[in-house]
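Listed below, chain by chain, are the residues.
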Amino acid sequence: MDLKEQLIQALTDSLVETCTSVFSVVPMVEKKDDITPRTAGGGNIVASLGFAGNLEGSLVVVLSDKAACKVVAKMICCDITEVNQDVLDGSGELANILTGGMKMRIAGMNYNVELCIPTVIRSGDPLSIAKLGKTDVVNLSVTSAEFDFDVILSYAVAHPAATAAKSAQSEAKKEDSSNTLLDMINKAGGQAPEK
Amino acid sequence: MKIVVVDDSGVQRKMIINIIRKAGFDNEILEADTGKTAIQIVGMNFKDIGLILCDWNMPVMNGYEFIAGMAKVPQVAGIPIVMVTTEGTEAKIEQAYAVHPNLAGYIIKPFTPDQLRAKIEPILKLAQADTPPAPTPPPPQA
Numbered sequence: 001m002d003l004k005e006q007l008i009q010a011l012t013d014s015l016v017e018t019c020t021s022v023f024s025v026v027p028m029v030e031k032k033d034d035i036t037p038r039t040a041g042g043g044n045i046v047a048s049l050g051f052a053g054n055l056e057g058s059l060v061v062v063l064s065d066k067a068a069c070k071v072v073a074k075m076i077c078c079d080i081t082e083v084n085q086d087v088l089d090g091s092g093e094l095a096n097i098l099t100g101g102m103k104m105r106i107a108g109m110n111y112n113v114e115l116c117i118p119t120v121i122r123s124g125d126p127l128s129i130a131k132l133g134k135t136d137v138v139n140l141s142v143t144s145a146e147f148d149f150d151v152i153l154s155y156a157v158a159h160p161a162a163t164a165a166k167s168a169q170s171e172a173k174k175e176d177s178s179n180t181l182l183d184m185i186n187k188a189g190g191q192a193p194e195k
Numbered sequence: 196m197k198i199v200v201v202d203d204s205g206v207q208r209k210m211i212i213n214i215i216r217k218a219g220f221d222n223e224i225l226e227a228d229t230g231k232t233a234i235q236i237v238g239m240n241f242k243d244i245g246l247i248l249c250d251w252n253m254p255v256m257n258g259y260e261f262i263a264g265m266a267k268v269p270q271v272a273g274i275p276i277v278m279v280t281t282e283g284t285e286a287k288i289e290q291a292y293a294v295h296p297n298l299a300g301y302i303i304k305p306f307t308p309d310q311l312r313a314k315i316e317p318i319l320k321l322a323q324a325d326t327p328p329a330p331t332p333p334p335p336q337a
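In order, the protein sequence lines correspond to chains A and B. This note's numbering applies: residue 1 is where the first sequence begins, and numbers increase by one. This note's numbering applies: residue 196 is where the second sequence begins, and numbers increase by one.
Hints listed in this document are in silico derivations from the structure and should not be mistaken for laboratory results. A hint or two may mislead.
Claimed, not checked - Covered stretches of chain A, as calculated for chain B (at least 3 residues, CB under 8 Å):
| no. | segment |
| --- | --- |
| 1 | 1 to 12 |
| 2 | 90 to 96 |
| 3 | 142 to 153 |
Unchecked claim - Partner residues are not named here, just some residues of chain A that face chain B (Cβ under 10 Å, in silico):
| no. | residue |
| --- | --- |
| 4 | E30 |
| 5 | A107 |
| 6 | G108 |
| 7 | A188 |
To be verified - The calculated BS3-like cross-link candidates involving lysine-lysine, where the alpha carbons are at most 25 Å apart (straight line), are:
| no. | chain 1 | residue 1 | chain 2 | residue 2 |
| --- | --- | --- | --- | --- |
| 8 | A | K74 | B | K314 |
| 9 | B | K217 | B | K314 |
| 10 | B | K231 | B | K217 |
| 11 | A | K66 | B | K197 |
| 12 | A | K74 | B | K217 |
| 13 | A | K32 | A | K134 |
| 14 | B | K242 | B | K267 |
| 15 | A | K187 | A | K134 |
| 16 | A | K187 | B | K217 |
| 17 | A | K4 | A | K31 |
| 18 | B | K197 | B | K217 |
| 19 | A | K187 | B | K314 |
| 20 | A | K187 | A | K31 |
| 21 | B | K242 | B | K314 |
| 22 | B | K267 | B | K217 |
| 23 | B | K231 | B | K197 |
| 24 | B | K320 | A | K187 |
| 25 | B | K197 | B | K267 |
Only a predicted model underlies this, so the values are computations on that prediction, with no experimental measurement involved. Note that the Cβ used here is the ideal one computed from N, Cα and C, for glycine as well.
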């Protein structure tokens, strides 16, 4: 199996697991050659999550307003009829869960990636997604009894030197949170009860 | 005894809180959208916290940095923390337990309500058993 097929398999497995465990629906996942999402022409919500490591790129989830409302309503077990902050937030969480699932599955193939925080935008206008740079693209279309959406994965294998530099930068950025916490506890002047 | 839910996704926090409530726990639940906010919450409530559920990838301060800080401060190092995250690789799980050896659990998203409930129920029941009951008010004078 080449890299593209491995990624399609990993992402498909992640989609099926997410739809069955979070939404209790069994999805049909189909690979499309065209990267134009099905929802083009209507209201769209686009949730994107970048990843970097020895494989880099982004995963984009494209949902119609109606599908996004249904997806998030399932997540938090309530009725949602209009796009609100929860719908945008939940669409980002969907991208996060799907990318995390893919990451876990490709780790066994020695592809190690770090995930970014999702970005979500909403457009009332027709939407098109352009292919940027020297990336390969996979478009999976997800159909279920309750909602449909598209997942577009763009990726490229990173140069090892660039990967090492980014990893060093990431280590240097880590913050020590214990000093703030210790200060607050000392000011409160108390010991925590014995556990 | 309070529960802290740390996740930058408001929807994810709602999902977790729904599961806790449906499991029958009516504890006060405090919410944080970054590790930094969680530090503030823990600093102000550390004597009353019985469980922290914490995401990994968050802006400003991530969950790994948060639990690393918690592990270094003896007064809070014993508070049970369950990671609830999409970071499910063996390397990440090992990294989390290495920085906080007393982690009470590690749940990988997506999870089912049963999976989360099975992990947190014993911790909350144990914490509630250890919490002294609130003093009973004296009976009204006849």
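Okay, the hints, checked on the actual structure:
Counting residues of the segment 1 to 12 of chain A whose beta carbon lies closer than 8 Å to any beta carbon of chain B gives 0, which falls short of the minimum of three for the stated coverage. Counting residues of the segment 90 to 96 of chain A whose C-beta lies closer than 8 Å to any C-beta of chain B gives 4; at least three are required, and the coverage claim holds. Here's how the segment 142 to 153 of chain A fares: 0 of its residues keep a CB closer than 8 Å to some CB of chain B, so the rule of at least three is not met and the hint is violated. Look at E30/A: its Cβ only gets to about 21 Å from chain B, farther than 10 Å, so that hint breaks.
For A107/A, the interface hint holds, since its Cβ comes within 10 Å of a Cβ in chain B; the closest pair sits about 4 Å apart. Hint on G108/A holds. Least Cβ distance to chain B is approximately 9 Å, under the 10 Å limit. With 10 Å as the threshold, the beta carbon of A188/A comes within range of chain B, its nearest partner Cβ sitting at about 7 Å, so the hint holds. With a C-alpha separation of about 22 Å, the suggested pairing of K74/A with K314/B holds against the 25 Å cut-off.
Taking the CA atoms of K217/B and K314/B, the gap is about 14 Å. The hint holds against a cut of 25 Å. Restraint check for K231/B and K217/B: not satisfied, since their Cα atoms lie roughly 29 Å apart, outside the 25 Å limit. For the given pair, K66/A sits about 37 Å from K197/B by alpha-carbon distance, which is inconsistent with the 25 Å threshold. With a C-alpha separation of about 16 Å, the suggested pair K74/A and K217/B falls inside the 25 Å cut-off, and the hint holds.
A threshold of 25 Å between alpha carbons decides the hint, and for K32/A with K134/A the separation of about 19 Å falls inside it, so the pair holds. Of the supplied pair hints, the one linking K242/B and K267/B holds, its CA atoms being roughly 17 Å apart against a limit of 25 Å. The straight-line distance between the Cα atoms of K187/A and K134/A is roughly 54 Å, outside the 25 Å bound, and the hint therefore fails. Note on K187/A and K217/B: the hinted pairing is violated, with a Cα-Cα distance of about 37 Å set against a maximum of 25 Å.
For the given pair, K4/A sits about 11 Å from K31/A by alpha-carbon distance, which is consistent with the 25 Å threshold. Restraint check for K197/B and K217/B: the C-alpha separation of about 16 Å stays at or below 25 Å, so the hint holds. A C-alpha spacing of about 33 Å is found between K187/A and K314/B, which places the hinted pair above 25 Å, so the restraint is violated. Distance hint between K187/A and K31/A is unfulfilled; the C-alpha atoms sit about 58 Å from each other, more than 25 Å.
A distance of roughly 22 Å separates the Cα atoms of K242/B and K314/B; the hinted pair therefore holds under the 25 Å criterion. A hinted pair counts as satisfied when its Cα atoms are at most 25 Å apart, and K267/B with K217/B does not qualify at roughly 34 Å. For the given pair, K231/B sits about 18 Å from K197/B by alpha-carbon distance, which is consistent with the 25 Å threshold. With a C-alpha separation of about 31 Å, the suggested pair K320/B and K187/A falls outside the 25 Å cut-off, and the hint is violated.
Between the alpha carbons of K197/B and K267/B the distance comes to roughly 21 Å, so the proposed pair stays at or under 25 Å and holds.
The structure fails to meet hints 1, 3, 4, 10, 11, 15, 16, 19, 20, 22, 24 from the earlier list, while all remaining hints are met.
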